[in-house]
Amino acid sequence: MDAPSQNVFHHLPLVGLYASTWIVGGTFLKRYSETGLPTDFAISIAASALGASIAIPLLKAAGIGMTMALTSALYIIAMAMIGIVAFGEKLSPVQIVGLGFACVATILMALPSRSNTEGVDSQASEVAVSGEKIRAVGD
Numbered sequence: 001m002d003a004p005s006q007n008v009f010h011h012l013p014l015v016g017l018y019a020s021t022w023i024v025g026g027t028f029l030k031r032y033s034e035t036g037l038p039t040d041f042a043i044s045i046a047a048s049a050l051g052a053s054i055a056i057p058l059l060k061a062a063g064i065g066m067t068m069a070l071t072s073a074l075y076i077i078a079m080a081m082i083g084i085v086a087f088g089e090k091l092s093p094v095q096i097v098g099l100g101f102a103c104v105a106t107i108l109m110a111l112p113s114r115s116n117t118e119g120v121d122s123q124a125s126e127v128a129v130s131g132e133k134i135r136a137v138g139d
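Mapping the sequence shown onto my numbering, position 120 (from 1) lands on 120, and the numbers just tick up by one.
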């Protein structure tokens, strides 16, 4: 099985779609808690089911760490914005700073990695080969 791609830019549209299902599900679940309308609950469940169907190929392709970190950060930012705009919620100054940190963290996580994993793998195999040679010479 191939290792997941660590360059999230290849998977950003799918990560965005996955995060959107969380956002839609969370928004309609909040509405359901206020209105009690079964349609709000049904939309929340449908969005969650769609998100689950997107999650499997996304987690295989992009890896769980980056996928869940970005999805969670996008969810936090979007739900705070929806809470403010749609539900009239207020944020304290400290919460606004925290939301700013979430925005910066999301951008930093989405930047491509500068590490070269192929070089690390080849160095590790050279060390393993060298170790075998040392053992062979020492025996």
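These are calculated hints, taken from the structure and not from any lab test.
Don't take every hint at face value.
[As the list claims (entries may be wrong)] Derived lysine to any residue pairs resembling SDA-like cross-links, with alpha carbons at most 20 angstroms apart:
#, residue 1, residue 2
1, K90, I76
2, K30, L12
3, K60, P112
4, K60, S20
Values in this document were obtained by computation on a predicted structure and should not be read as measured data.
Going back to the hint list, which numbers does this structure go against? Hint check: 2 fails alone, others pass.
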